[in-house]
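Chains as they are written, first to last, in this note's numbering: chain A, 28 to 227; chain B, 56 to 249.
Simulated restraints, written as ranges between beta carbons of each label pair: (1) B/K120 to A/V116: 18 to 26 Å; (2) B/L140 to A/I88: 24 to 32 Å; (3) A/S59 to B/K58: 36 to 44 Å; (4) A/Q95 to B/K58: 35 to 43 Å; (5) A/E29 to B/L59: 56 to 64 Å; (6) A/E29 to B/K175: 50 to 58 Å; (7) A/S59 to B/A112: 33 to 41 Å; (8) B/Y237 to A/I88: 46 to 54 Å; (9) A/A108 to B/K175: 22 to 30 Å; (10) B/T246 to A/N196: 22 to 30 Å.
Derived lysine-lysine pairs resembling DSBU-like cross-links, with alpha carbons at most 35 Å apart: (11) A/K200 to B/K64; (12) B/K244 to A/K203; (13) A/K203 to A/K118.
Because the hints were derived from the structure by calculation, they are not lab data. From the three backbone atoms N, C-alpha and C, an ideal C-beta is built for every residue, glycine too.
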Amino acid sequence: MEYILIIISAIFVNNIVLSQFLGICPFLGVSSKVNTAAGMSGAVCFVITLATVVTFLLNKILVLCGIQFLQTIAFILVIAALVQMVEIVLKKISPSLYQALGIFLPLITTNCAVLGVAINVVTKEFTFAGGQPHLFGLGEATVYAFATSLGYGLAMIIFAGLREQLSLNNVPKAFKGVPIALLTAGILAMAFMGFSGMIQ
Amino acid sequence: MSKLNLITKGLVKENPTFVLLLGMCPTLATTTSAINGLSMGLATMFVLILSNMAISAIARLIPDKVRIPAYIVVIATFVTLLQFLMQAYVPSVYDTLGLFIPLIVVNCIILGRAEAFANKNGVVDSALDGIGIGLGFTVALTLLGLVRELLGNLSLFGWKPVQADGILAFVLAPGAFIALAYLIVVFRKLTEKK
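Extracted from the complex, chain A is given alone in its bound form (with noise of 0.2 Å):
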């Protein structure tokens, strides 16, 4: 019961780029076309969950050795490794997809989604259906980052979907590009706040 609360509130109540303000660069920048869109939140999917996995583990060694001022740095460069091997397993076996994300590949380095995530886990107390606040261990870890990852993907896809649409319209010019997708973001985050009082 626990774990499917964590998925509803990790997509909808609490979706990371609509409520939490977390990776809207790309958010902004790779969502012109459903495509690349649906690529690109794949392959944040995926550097997140593991991403997470392995910067939760990587916490407790860092506890072990009373070292947890390490944890930004330590985190971000694991973070930028593991891109890395994303980057290279992708250019083996989706040359298309590869060109298709271009720059914005390694940028999930720079992503603060991903940050964001792997550091939440580890310091934030959550709560779930009036249990005690308490510190994620492991499986909830890796389930709330995975669902957090296809909350990405949803606000993603359906912004790509109308920012499409968008292009057809004729747009004044002060409005041009980034200010009328804030605006277009702006409503989708009011619609997804329909969402919130949905779980305590």
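Chain B: place on chain A using the hints.
Structure of chain B alone, referenced to chain A:
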């Protein structure tokens, strides 16, 4: 380029928020009030100036292929330093900004300046560039925080003259996107005429 020019270009011509559109996550997430926006801007500026200086000093020693990881380590070191300083001297601000302090590491403005400016220029110029871009970012965040606080809570820097409710949505997520969109449009209109 004159020294003064280095500082002023960050405010208008290369404003990181309104023109370059970098560092959107902290911009949207921490600007629920003018004070929060101001503290986030200053925290980022602190890291930006120090990392710009450090990177411009050691740029020649770093092999080209591993420069990005090296920059990230330099930036992460200064962010850890900032975390300690804030925990010690301004714990309440540290708690409010929360996750977004460690996330300064992945702020694209800082890595962007390291790559575009600091590794080609001297220490003094890089510091000035850091001050300029940092000021531009701080002003933008404070402005956005000001607008959101005013519309959402009817207060200015925490000073609330009338007891009435504002438009709550502006303090919440949707207001961030909408307020930023309109600020960018206003900024474009103002700079266009010059």
